[in-house]
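Colleague: Here the structure of chain A is known, so what remains is to put chain B in place on it, guided by the hints.
There are 2 protein chains.
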Amino acid sequence: MTITLSSATLPVFQTALTNLGHCLKKAETNAMARSFSPEVLVGLRLAPDMLPLASQVRIACDAAKNGTARVSGMEAPTFADDETTFAQLQERIAKTLAWLATVPTDAFDGREAQEVTFPIGKEATRTMKAEAYLKHWSIPNVYFHVTTVYALLRQAGVDLGKADFLVGAQAAA
Amino acid sequence: MTITLSSATLPVFQTALTNLGHCLKKAETNAMARSFSPEVLVGLRLAPDMLPLASQVRIACDAAKNGTARVSGMEAPTFADDETTFAQLQERIAKTLAWLATVPTDAFDGREAQEVTFPIGKEATRTMKAEAYLKHWSIPNVYFHVTTVYALLRQAGVDLGKADFLVGAQAAA
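Chains A and B, in that order, are what the protein sequence lines are. So the first sequence is numbered by my numbering: it starts at 723 and just counts up by one. So the second sequence is numbered by my numbering: it starts at 723 and just counts up by one.
Simulated from the structure, these hints should not be mistaken for laboratory data. Each hint should be verified, as a subset may be incorrect.
One copy or any two copies: either way a pair holds, since identical chains are not told apart in the list.
[Claimed, not checked] SDA-like, lysine to any residue: derived pairs with alpha carbons at most 20 Å apart: (1) K817 - T800; (2) K851 - T726; (3) K884 - L768; (4) K748 - T737; (5) K851 - S729; (6) K844 - D803; (7) K851 - G890; (8) K747 - D881; (9) K817 - P733.
Chain A with its partners taken away, still in its complex shape (with noise of 0.2 Å):
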């Protein structure tokens, strides 16, 4: 098998919203566990300036569905951005895979030099080719935002490894 767009780009992202599913999995155990609410967790900031646990799951979800919608022409469902709880931020990562799902291989392969414009802020936009766009823009961004959360997780004791970022619930096996 060759690799092509779409075999470089959705399991990326079904991958990385699995795992991050099964790390907010074990921050949700582990915070019953030492005994204070699990909430208290999608609060957590790793600087005032910076966005809380729920947005970086929020917008790790919208990357890889915005992506995904930008270069199939397929269109995405849209969330009302209100997740409070675990159990909610689970629900939109859900939705999201569920969309994924039905995005057919064909809507991505050969589209490599098509042109994607997207918002960069409030009132710029950015053009790129499908391809660089994916691999340079919405694949760093799912991953970074995955990553935050992992960070935030970790320094609020959760007790997550590597491994659970890189392959979920395998980790344990």
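Modeller: Below, chain B without anything else, positioned relative to chain A:
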């Protein structure tokens, strides 16, 4: 142009490490402006049982270098892992980038299904096909450690934004 194993990998490593160097340069400048030794930042940890910033930089470089070496069969340079200053960390990144620049695309392309065996931890190994190894192991490892450096610096008050991570020196443009 159709995506290839080399186009999906080498520019990703190169961009991530170049932007890491950019973030470290901003950190060093910031420390000097705030009148403390930049080397203080080199020893920061997100948690007592996480590796310090210098190790995060080393592992980001090595994930790119080892991923490339294992798929291409080329011999990668080795380093002493003794960096204690920003200048030394920048040299580590520069040497890694210089070596990556010598790797021909045909040392990657067509090798998607080639099996790669690599160490996990101190005693075990794991075997994956090259495409999966690069996209599910090497690339996420690079982003994991680069983002951890970003998190450390951001938490220490360095004036970074996500654009520094995504586009590096172009962020100011």
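Colleague: If you check each hint against the structure, which ones fail?
Modeller: Structure breaks no hint.
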